[in-house]
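**Student:** Start from the sequences, fold in the hints, and give me the full structure.
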Amino acid sequence: MMTCPKCSRVNPQEAVYCYFDGFVLSGALAGSGPLAINTLRFPSPFVFMSGRSCLNFDDLAIACHEESKPASDMLKQGFLESFLASIGRVDLSMAAKEAAKFPDSSRGLDELLGKFPSSVLSEARLNLSSQEINLGVLSRTAKREIKITIENGGMRLLFGSITSDSTWLAIGETGNASVKNFQTTGELTVPLRIVPEKLRASDKPLVAKLKIDSSGGSSVVLIRAEVPVAPFQLMPLSGALNGRQIALKAKANAKEAAILFENGSVAKWYESNGWSYPVQGPSASGMGAIQQFFEALGLTPPPKTFINQTVVNLVGAPRQELAFELTVGTEEKRSVYAHGFADQSWITSKNPKLTGNSAILGFVIPQVPDRSGELLVSKIAVTSNGNQKFLVQVNVQVSGKYVGPRSEPAPELV
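Here the sequence shown is numbered in numbering that gives the first Met the number 0, starting from 0 and rising by one per residue.
What the hints contain is simulated information worked out from the structure, not anything from laboratory work. In this text, a Cβ means the ideal position worked out from N, Cα and C, and glycines have one as well. Among the hints, a few may not be true.
What the hints assert, rightly or not - Pair ranges (Cβ atoms, derived):
#1 Lys352 with Ser160: 50 to 56 Å
#2 Gly152 with Glu196: 35 to 41 Å
#3 Ser271 with Val310: 41 to 47 Å
#4 Trp274 with Gly355: 27 to 33 Å
#5 Ser217 with Lys352: 55 to 61 Å
#6 Asn241 with Val314: 25 to 31 Å
As the list claims (entries may be wrong) - Subject to a maximum C-alpha distance of 25 Å in a straight line, what follows is the list of computed DSS-like cross-link-like pairs (lysine-lysine):
#7 Lys303 with Lys267
#8 Lys254 with Lys197
#9 Lys250 with Lys210
#10 Lys197 with Lys179
**Tutor:** Structure below.
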């Protein structure tokens, strides 16, 4: 049995070329010396449109590399397929036919060159201009653009993908793409953009990983940056650098601090540093706003809450306005805050009324849908202290006689 030196697959003893990749087998024509198929003259040369003549596979491979655009066009038009068939290389002719079907002609040509019995073209090799970039201090209000250079250290086509693992580092001049494909036979400059609104302030450096997977190997580029925390500016919470420090200062000056939670100053400070505000939904009022913040941070356990009803039954005529309320409360002497949203657009929520240890949630149906005789159903998701959740079903019986959908008469036969 003969083993192909290129793909290591087994072929019959009498084989001259590898059945799988067309490479000449080293034991072929034993006794007549080594057969350098790559330099054997073609029965007739292959001539490019430019007049360049190729006498053997090495010539043809180099010409396809140096004149890749004309070579790709000839591949698409079937000239390479016909020529390879004419010199008795049906295997390569079939490979050319398949390569011509590639959506990207450059990829198709490279696929064919990989099957030539020639090693004159060195394999693609990934080289990078830098594997670590330090951007220094970044601002959440200023845009920044950088570039990396990908170099092909070989002669075959280098192709692959670039992936960013961080939302603040986008690939390309526009958009916020985290993945981009690329290909090059030489050098390629890849633009990168810093997305300011995705930066998160931290006392530790930010590190984004740019992973490059290609036909010539894989590598990772580290992008480092610093985004200092902007301290809180307003008294009595001034100087705080994180949520815990806000909580400590608020505990020591509760009355004055409550105003800053209630008017949204603390939430805006979180946003200015690129952080998610821990309190979900509308802010409570007075001391309840501080309690709400403490519960969201897990610094104090929330009171056990309950809801007055989980099913609401209503009756209304089409286009009539309806209203109802839900009450969330607790038996503890603690502030209660809550909010709710319906899964149907015909129910809208009003601002909650927070009254100490209870919260009243108002809902309005501005116009009952014009669906006489039908029972309309909606679900309202209510969230209260400590992310405690309740699900309320609202049933609206629309008065009037049900009228089913009209059926269109069948067209008359001509």
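**Student:** Is Lys250 within 25 Å of Lys210, Cα to Cα?
**Tutor:** 46 Å, violated
**Student:** Could you check the hint for me, namely that Trp274 and Gly355 are 27 to 33 Å apart, CB to CB?
**Tutor:** 30 Å, holds
**Student:** Could you tell me whether the CB distance from Ser271 to Val310 stays inside 41 to 47 Å?
**Tutor:** 43 Å, holds
**Student:** Does the Cβ pair Lys352, Ser160 satisfy 50 to 56 Å?
**Tutor:** 54 Å, holds
**Student:** Quickly compare the C-alpha distance for Lys254 and Lys197 to 25 Å and report which way the hint goes.
**Tutor:** 34 Å, violated
**Student:** Given the proposed pairing of Lys197 with Lys179, does the C-alpha separation stay at or below 25 Å?
**Tutor:** 19 Å, holds
**Student:** Between the beta carbons of Ser217 and Lys352, is the distance compatible with 55 to 61 Å?
**Tutor:** 59 Å, holds
**Student:** How does the Cβ-Cβ distance of Gly152 and Glu196 compare with 35 to 41 Å: does it lie in that range?
**Tutor:** The hint (35 to 41 Å, Cβ to Cβ) holds, given that Gly152 and Glu196 are roughly 38 Å apart.
**Student:** CB of Asn241 to CB of Val314, is that within 25 to 31 Å?
**Tutor:** 53 Å, violated
**Student:** Sort out whether Lys267 lies within 25 Å of Lys303, counting only the CA atoms.
**Tutor:** Between Lys303 and Lys267 the Cα gap is close to 29 Å, so the pair fails against 25 Å, i.e. violated.
Consistency with the previously given hints fails for numbers 6, 7, 8, 9, ordered from lowest to highest.
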